[in-house]
Amino acid sequence: MKRSQSTSLFQGGMAKTALLESFIKLNPRVMFRNPVMFAVEIGTLVMLLVCLQIAVGGAASQGSLVYNVIIFSVLLLTLLFANFAEALAEARGKAQADSLRKTREETPAKVIRTLGRLKVNELQIIPSSQLEKGDVFVCEAGDIIPTDGEIIEGLATIDESAITGESAPVIREAGGDKSSVTGGTKVLSDHIKVKVTTQPGESFLDKMIALVEGASRQKTPNEIALTILLAGFTLIFVIVCVTLKPFADYSHTYIPVSAFIALFVCLIPTTIGGLLSAIGIAGMDRSLRANVITKSGKAVETAGDIDTLLLDKTGTITIGNRKATNFWPTTGISEERFTASALFSSLADETPEGKSIIELGQQKGGKLPTMPQNAEMITFTAETRSSGINLPPNIRIRKGAQDSIRMMVERAGNIFPDDTAQKVREIATNGGTPLVVSENEKVLGVIELQDVIKPGIQERFERLRKMGVKTVMVTGDNPLTAKYIATVAGVDDFIAEAKPEDKMNYIKAEQANGKLVAMMGDGTNDAPALAQADVGVAMNSGTQAAKEAGNMVDLDNDPTKLIEIVEIGKQLLMTRGTLTTFSIANDVAKYFAIVPALFMTSIPALQALNIMHLASPESAILSAVIFNAIIIPLLIPLALKGVTYKPIGASALLRRNLLIYGLGGLIVPFIGIKLIDLIVGSWL
Amino acid sequence: MLQEILGIGLIFVLTVLLALPLGRYIAKVYLGQPTWLDFMSPLENFIYKVCRINPKKEMTWQENLAALLTINFVWFFWMMFILMNQGWLPLNPDGNPSMSADLAFNTAVSFLVNCNLQHYSGETGVTYFSQLAGLMFMQFVTAGTGMAAAAMVFKAMKEHQTSQLGNFYSYFLKSCTRILLPVALVSAVILVFNGTPMNWEGKANIVTVQGDSVQVSRGPAAAMIAIKQAGTNGGGYFGVNSAHPLENPNYLTNIVENILIILIPIAFVFALGFYLNRKKLAWMIFGVMTLGFFLLLSVSVYFEMQGNPAITKMNINQSLGSMEGKEIRFGAAASAFWGITTTTTSNGSVNAMHDSMTPLSGAMQLIDMMINALYGGVGVGFLNFYIFIIIAVFISGLMVGRTPEFLGKKIEAKEMKIATIIALLHTFLILSFTALSSYVFTQDPSVGWLNNPGFHGFSEMLYEYTSSSANNGSGFEGLGDNTPFWNITCGIVLIMSRYLPIIGPIAIAGILANKKYIPESAGTLKTDTATFGFMVFAVIFIIAALSFFPALALGPLAEFFSLR
Amino acid sequence: MKTHIVPALLMTATLFVLLVVIYPLIVWGFAQFAPEKGQGETVSVNGKVVGFAKVGQKFTEDKYFWSRPSAVEYNAASSGGSNKGPSNSDYLAQVQARIDTFLVHNPTIPKSAIPAELVTASGSGLDPDLSPQGAEVQVARIAKIRNLPEDKVNELVKTHTQGPLLGLFGPSKVNILALNLALDNL
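Protein chains in written order, with UniProt numbering: chain U, 1 to 684; chain C, 1 to 564; chain F, 1 to 186.
Worth flagging that the hints you see were computed from the coordinates, not collected in a lab.
Yeah, the Cβ is synthetic: ideal placement off N, Cα and C, and Gly gets one too.
Incorrect hints may appear among the rest.
Quick list of simulated restraints, FRET-style, between CB atoms [unchecked claim]:
1. U:Arg656 to C:Val447: 50 to 56 Å
2. U:Arg656 to C:Gln33: 39 to 45 Å
3. U:Ala512 to C:Ala101: 56 to 62 Å
Using the sequences and the accompanying hints, generate a full structural model.
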């Protein structure tokens with residue numbers, strides 16, 4: 001169904017662009033946005049100066065030129081790795097967005113221009129990129145729609161597979177909730193007039209691409225808070241390293257500049273610092289891969305915090321419409337006779353329910369009758385609240401709600417049979433809809449219509465519950481039916497006989513209790529609720545108003561998408577948290593590598609701290625710095641894919657992540673540094 | 001051996017048994033619920049009336065802080081006045097002189113900030129008037145200040161959404177009259193009955209059995225000793241604090257005084273549980289603190305009972321442990337226990353000389369003060385722990401995929417900024433001032449500060465600033481610290497490390513209290529679980545280890561390894 | 001700040017009365033009922049005060065049980081420990097010298113029997129006690145000088161030994177002033 005999604009992380013072309021970007025990003029003005037890596041850059045510059053000084057013969061005490069150059073190179077590499085991570089994430093996001101955008105670029109648009117004094121409308125063909133907001137263009141069968149807009153005249157079937165991957169064509173028409181068309185989709189039939197709703201370069205997709213690109217990317221509140229914490233750690237290590245100089249002087253120990261810089265760079269949280277922006281971009285990228293366009297990074301983050309999820313029943317919890325599931329003839333009426341009448345009653349019924357009755361009748365062995373010549377179709381009206389068919393010579397078949405048929409039957413002087421009345425009640429309490437069938441004002445039996453709950457939906461709600469998300473079903477059904485479906489599907493709450501303002505009120509009530517609410521909607525009357533919700537996902541097929549109001553747009557129009565979005569949000573936060581933990585836990589091992597290395601010569605007793613038994617002070621320092629650098633690219637896949645979210649409860653999740661990333665972060669560098677030392681030590 | 005271990009076990013068990021009911025009582029006091037001390041109300045109401053204070057008037061966190069800082073400001077001038085004029089003020093039977101300006105500054109600040117770092121010796125440096133009207137007065141009111149600050153944070157944590165954090169004066173006065181005064185009174189009486197002096201006479205002149213002429217200092221000691229322990233003030237009436245046979249005459253008084261050191265800090269943790277009706281949270285906090293405490297304690301007790309390896313090499317009998325700087329009546333275990341309790345709280349009084357303890361004991365005491373949140377000072381210990389909770393909540397909140405929240409309040413950039421600054425401050429003060437003194441000493445070793453050379457000398461300087469920044473007050477007393485350099489630098493460290501860590505947590509709590517309350521869900525990180533407790537523990541130790549590992553390596557660790 | 005300055009001053013004044021005047025007077029009042037009346041117990045010989053029972057004093061003569069080394073020479077006008085670090089070489093030399101002195105005065109005692117307390121200074125410099133071993137290693141010397149049977153001196157040490165609190169908690173100790181006065185009274 002969906003377009004194939006590339007999962008390979010390092011695609012050739014992308015890696016090349018990212019590589020180039022890594023160098024461009026060395027610009028201090030760009031680096032300044034990331035305090036941790038900016039500190040590394042300063043350290044690298046200092047090392048460069050030291051190398052130059054040694055080269056001109058000015059600093060004999062700093063050690064050999066080769067050693068210092070190696071340290072400098074490793075630091076530079078650290079910077080490049082971090083930049084590469086960010087650039088790669090950007091490239092992936094952009095590539096994803098570009099593939100969506102490509103379809104709509106430079107499509108010829110037949111725009112209507114009002115010309116001259118006589119105000120004659122004329123059709124001009126211009127490139128889509130020149131379309132302005134407010135322009136009106138025309139599309140006919142076979143045309144690609146040049147840009148996003150709203151149909152102001154006409155109706156058309158449209159193939160949206162280019163955007164959604166869904167192959168079945170959809171109908172879009174002026175007025176109502178299905179008036180919106182997307183650039184890049186193809187008109188299959190008919191003729192529409194479309195008004196452009198966005199300025200060039202300001203479509204949702206354009207906005208999303210801007211979010212991914214460095215220039216206009218804004219840090220989310222949580223990212224800012226984390227950056228503050230990381231800057232705090234960086235400052236601690238500035239203090240530690242600066243004060244180490246007089247401490248060492250007191251202990252009559254000489255520490256070369258390279259060792260100070262190495263210690264500093266190893267200690268500051270470069271791993272998370274280098275990957276932080278990549279993680280954020282990757283979060284947006286992942287939502288894009290799920291075919292969701294987010295209007296801000298914050299929306300993705302908020303999605304992880306959602307407490308309450310409002311879901312429409314139809315399409316989300318149940319498959320489309322009700323289906324006939326059973327025929328219940330009254331006593332004295334054979335199954336065959338009832339089936340035949342049921343088939344007749346729905347012969348001309350074009351509603352989905354009617355079609356499902358035909359389907360069930362045929363399954364039960366009934367033969368689809370052909371429409372007799374002078375049969376008369378009785379359509380549903382609000383007064384009779386029944387429909388049916390009049391067959392010659394004088395047969396009147398009706399089906400309808402219990403009360404309307406009962407009235408008709410009793411007015412004719414017949415009795416409404418008790419067993420059918422009983423069945424009707426039974427069906428209603430089971431969440432079904434009973435349709436009573438009568439022939440010539442005599443009751444034949446009852447058709448049971450039931451909602452069909454989507455397979456697998458219970459499991460998804462269970463998963464949400466474990467995440468701590470409360471699900472609320474919104475339906476126009478009566479409370480009894482709604483309650484039944486809610487129970488079967490496993491949602492926590494429902495709003496029955498829902499009017500648009502009910503949604504709004506529910507959201508406001510939840511928010512007043514401090515909860516974060518997400519909802520999905522498509523209609524114009526959903527717009528206020530979408531705007532009110534903390535995460536409002538508008539369907540791409542929805543109206544422009546709905547899309548403007550929400551903070552995400554789902555290209556697939558898939559109502560269950562919210563569940564995925566919540567998980568993407570959680571993954572994003574978890575990746576940040578776990579890598580921070582990992583990064584900081586790493587420092588313990590680095591201390592045990594570098595501190596003994598600094599003092600081993602002047603204070604032999606401190607050799608005892610060299611618990612890794614690293615070969616020499618130089619080798620120890622170099623190993624720590626190299627480990628510090630290569631851990632960044634090693635973790636790029638994790639940063640981009642995100643830490644897997646498991647709905648096992650917060651405490652269990654914390655335990656799991658602490659064990660993997662906390663304990664792992666403690667142990668891995670001991671092993672890594674020792675291994676590197678074995679290689680470097682033999683080579684130095 | 002066994003009796004010594006049993007003795008310290010008894011102290012801890014008794015403390016916890018007393019802290020539980022005291023915690024419940026403290027919660028009731030701050031909640032304004034009836035207690036058996038309600039007969040104090042008329043006195044309190046009289047004080048409110050005289051002071052023109054309406055104790056029922058709720059104030060915002062900013063107003064409360066302003067009240068707190070103003071009254072502290074007043075006390076500073078009061079202290080400076082007394083100390084610089086004690087020579088002619090009353091109650092000076094020994095004719096002790098007035099203090100120099102720099103020593104008076106250091107002493108005034110030190111007692112103002114509940115630290116009680118003493119660069120003078122009690123017997124010769126101050127008069128009885130200064131001991132009571134200056135030092136002992138501060139020991140009550142500064143403890144009350146810290147407790148009032150914690151009470152405000154309690155209040156902020158309890159309310160769903162409020163901008164009002166109660167009334168500072170009311171919290172403060174109740175802390176003094178309802179908690180500190182009764183505890184001090186009971187303990188002072190126990191001390192007096194065990195032989196601690198409470199009189200107004202000057203030094204006694206005596207010719208000893210062997211015929212030496214000596215003097216014996218005394219004075220109104222019992223009243224002060226009780227509150228200096230209970231209010232985690234520390235210091236001492238006498239120069240060597242509770243190592244002095246009159247200040248701490250026997251094993252029983254040692255038990256009483258040692259319980260007093262940690263009683264209110266532990267009771268405060270339980271008080272939080274009772275106050276918020278979140279007993280599990282209190283047990284989590286108590287668990288984390290106790291785990292850290294026992295880790296440090298066991299190392300210190302082990303090495304003190306093992307004795308000094310250098311003396312072991314001399315082949316004499318060290319079965320009693322390392323006895324340099326210790327008293328026979330307490331023994332090695334109780335001295336090590338006191339050493340850890342006095343550094344774990346911000347007490348800082350000693351019953352043995354920390355300078356002479358084995359290197360790793362010194363390291364444990366240093367780490368204790370570098371963390372400064374295991375039990376901690378009265379009131380303020382919890383405030384420091386609160387900062388660590390905020391940081392732990394932030395990181396672990398992310399790890400479970402939610403933007404972090406604590407007790408239903410979102411932790412965002414502003415709170416993180418404050419928490420980070422406060423966490424950073426301690427490291428900054430300790431390391432940068434130790435660096436400064438190391439630099440000065442390296443430039444001119446003839447300044448003659450250090451009583452011990454090498455690694456241990458470095459530890460002496462590190463200890464002094466760590467103790468100052470933790471508002472602890474104990475010292476590696478070999479350091480010649482009564483010089484303008486040390487008096488002034490320590491004074492600066494003391495002021496900064498007292499008020500910023502009070503302002504910070506109150507600001508965070510005040511901001512959080514103002515935020516919308518978010519009810520718990522299955523996705524919310526529970527903060528009263530063992531898992532989260534472990535996380536807090538890890539955050540505390542990792543931050544301390546990362547900040548201080550190099551300094552510790554060059555001081556006590558280097559000494560430890562070189563002694564092996 | 002302005003609005004708080006008057007309450008701050010008044011609060012300071014009222015609390016001064018409560019905490020600095022009333023509280024110490026109450027404690028002092030209780031002290032009058034205590035066995036030592038808050039004065040500190042003194043010890044007299046022939047009506048002359050020779051010391052405070054709880055404050056240690058210097059005993060260096062061979063006929064007395066020596067008290068521990070003291071950084072303040074047992075002058076309780078002040079108090080203090082040596083504050084020597086465990087690795088200080090000057091200090092360790094001093095300890096070695098004390099061991100040597102002890103061995104000269106107690107030739108029958110093997111080095112390994114010397115308790116560390118006898119060669120290390122106490123924290124207060126006023127430690128009134130020794131451990132039972134600390135007294136026992138000196139018995140031979142005292143018995144010899146005073147011409148007493150060792151058993152008798154040992155017996156004296158035993159009767160002056162205070163066991164742990166309630167027999168369970170803390171170390172055992174011997175008050176040297178009391179022991180030496182008892183020795184003189186034998």
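Quick rundown of the hints versus the structure:
1. U:Arg656 to C:Val447: 50 to 56 Å: About 55 Å separates the Cβ atoms of Arg656 (chain U) and Val447 (chain C), which means 50 to 56 Å holds.
2. U:Arg656 to C:Gln33: 39 to 45 Å: Distance hint for Arg656 (chain U), Gln33 (chain C) holds at roughly 42 Å.
3. U:Ala512 to C:Ala101: 56 to 62 Å: At roughly 60 Å between Cβ atoms, Ala101 (chain C) and Ala512 (chain U) fall inside 56 to 62 Å, so the hint holds.
Comparing the model with each numbered hint stated earlier shows that all of them hold.
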